[in-house]
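J.: Those protein sequence lines, which keep their order, are chains A and B. If you read the first sequence in the numbering used here, its first letter stands for residue 1, the second for the next number, and so on. If you read the second sequence in the numbering used here, its first letter stands for residue 1, the second for the next number, and so on.
Incorrect hints may have been included.
Note: identical chains are not told apart, hence a pair may lie in one copy or across any two.
Said to hold, decoys possible - The calculated DSSO-like cross-link candidates involving lysine-lysine, where the alpha carbons are at most 30 Å apart (straight line), are:
1. K262 - K170
2. K275 - K178
3. K292 - K70
4. K65 - K292
5. K275 - K240
6. K292 - K193
7. K262 - K65
8. K275 - K175
9. K240 - K193
Derived from the structure by calculation, the hints contain no laboratory data. Since we're looking at a predicted model, the values are computed, not measured.
One letter stands for each residue in the lines below.
There are 2 protein chains.
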Amino acid sequence: MSGPSDREIILYLCLPVSFKLTILGSSSATPTSERFFSAQILDNGHQYFLIDCAEGTQIQMRRLKIRFQKVNHILISHLHGDHFFGLPGLLTTFHLLGRDQVLHLYAPAALQSVLEQLFTISATRLVYPLEFHAVDPLVQAVIYEDKHLTIESIPLEHRIPTSGFLFREKAGLRKISKQAIEGLDIPYTEFSKLQHGHDLELPDGIVLKNSQVTLDPQPPLSYAYCSDTAYHEPLADMVKGVDHLFHEATFLEEDVSLAREKYHSTARDAALIAKKAEVKHLWLGHFSARYKTLEMMLEEACPVFENTRLAEEGNTYLLTS
Amino acid sequence: MSGPSDREIILYLCLPVSFKLTILGSSSATPTSERFFSAQILDNGHQYFLIDCAEGTQIQMRRLKIRFQKVNHILISHLHGDHFFGLPGLLTTFHLLGRDQVLHLYAPAALQSVLEQLFTISATRLVYPLEFHAVDPLVQAVIYEDKHLTIESIPLEHRIPTSGFLFREKAGLRKISKQAIEGLDIPYTEFSKLQHGHDLELPDGIVLKNSQVTLDPQPPLSYAYCSDTAYHEPLADMVKGVDHLFHEATFLEEDVSLAREKYHSTARDAALIAKKAEVKHLWLGHFSARYKTLEMMLEEACPVFENTRLAEEGNTYLLTS
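All chains, full assembly: derive it from the sequences and hints.
T.: What follows is the structure, encoded as structure tokens:
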């Protein structure tokens, strides 16, 4: 029997998987000349998830060379315009690009009929299937599941009903150690058994213990997107222990009264939630246009939660556990 | 009686007025990484008129430092998304910026209720008055008039009902010659009579002939915005003799079959209309994303109509007669 090709070995060796988070925009409410409205793409190595779709999001997708045909899921956190006004345009662009794969849209129910009317008045009949999944922003619930991942909607505290999204990777397969199997005559058709944790009987009768040739899988990753929201302590329980928490930091503490009035958060609020929830990494975003530079966000958050970074637009971050 | 200040003299000398045309975007249907969707601002020296409002238009307005509070009139040519999907966002931004002046919106009637629903689901109640003026795209009619200008909607030929817009300046006042009045004892309170073409009796009894001290006013300017449209010969009569014609040139002749299919025009089509209408200047825009460079547009149009230019985004053009 011929051995596996190098490519097949690599596939079975389960190269480390992480999430890639691309920040398409980081501005709240009104865009600035330097920042687009907030939106992100999360790539879990299998799917692209577009989180919120503001005016200009598709323009940024082009600029950052995001492959449009890889976006099969769009999640809309709430129906303030700075989170979904780009959706009609993007859905139309998919149509003009000749998309045929189904697109899944997760959003508050009220959006569906308005989208339909927009398409009616613009005489647009989409050439691809658009499946609308109504999300109830008042409950925590699994809204998506595949063999790699679940996504839960989590209720936030904002002026209108708003969902955060919690992405949880499922436990992965064991990793085969290339060094450990070298010289052993293991048919590659048996690799799957090893990945699933089984021992293996070799052709010569020797039983290979699974632990001799495999490594623990990477711990599954989790990422929570929490925007827009006021400081909301119950959120800390919902995102307890996540690897990466994105939390809006529209304001600084010097503008905390505005934050309270508008049901937004300060950088300090975000850090307090991260600390209470014992997350590993905090990412800040959705910045008010009043702040021309953002270092003060970190100066405010880091003393409370050290492992804080800015989610800056145009960047793609590798999220690992 | 003290004489007029220098500033008052300048005001009465009627500095030459022209239109300023700022191209916010020049792309059709799908934006490119270099070009935004088509939209323009026409400044007639008294008002700013925003013509079409696509996704990204407000972003370009910020980048080009257009003063948002000066935009009091928005005209929407038709209800394809690449001409109006930026409108909800821009109207919301005016609201967030604390606008209080009335905003006039001229658009096909069907847009009004969809806008209202978008504002309902996004819990937006505009703080400023928004006056909606329904435009019938099937008729040629004056849709706006003030003491300086009229705007007519003109029916174009597209897949859905579409209006072009024809801006006509009204005849101006006569211009007082600073040289000619030097040394004469003309009270500045009498300048208005001279501007309106009257002779003047000086304090010493001498009658000053109007033609001795004034110059003919500048001929009134006209600008026609024609997008989107197929090649449509009746258009030439409607824009006969205009100073500046903006005509879409989505395609080149090599793609004429697409132009016919989509009810768009080629650069050559635009030039033929300009020639037939005996306009003075032709501006091309609304370019398909398939063309990475635009020189070929001019190479195609200029042999038919020499005085052709590209309306390139980011530029402000001074339109004179």
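J.: Hint by hint, say whether it matches the structure.
T.: Verification of the hints:
1. K262 - K170: neither (36 Å within a copy, 47 Å between copies)
2. K275 - K178: Neither, since 39 Å and 74 Å both go past 30 Å.
3. K292 - K70: between (33 Å within a copy, 24 Å between copies)
4. K65 - K292: Both, since 26 Å and 16 Å are each at most 30 Å.
5. K275 - K240: Within. Shortest intra-copy distance 10 Å satisfies the 30 Å Cα cut-off; inter-copy 70 Å does not.
6. K292 - K193: Neither way: K292 and K193 sit 55 Å apart in one copy and 52 Å across, limit 30 Å.
7. K262 - K65: The answer is between: 27 Å across copies meets 30 Å, while 34 Å in one copy does not.
8. K275 - K175: neither (32 Å within a copy, 72 Å between copies)
9. K240 - K193: neither (33 Å within a copy, 80 Å between copies)
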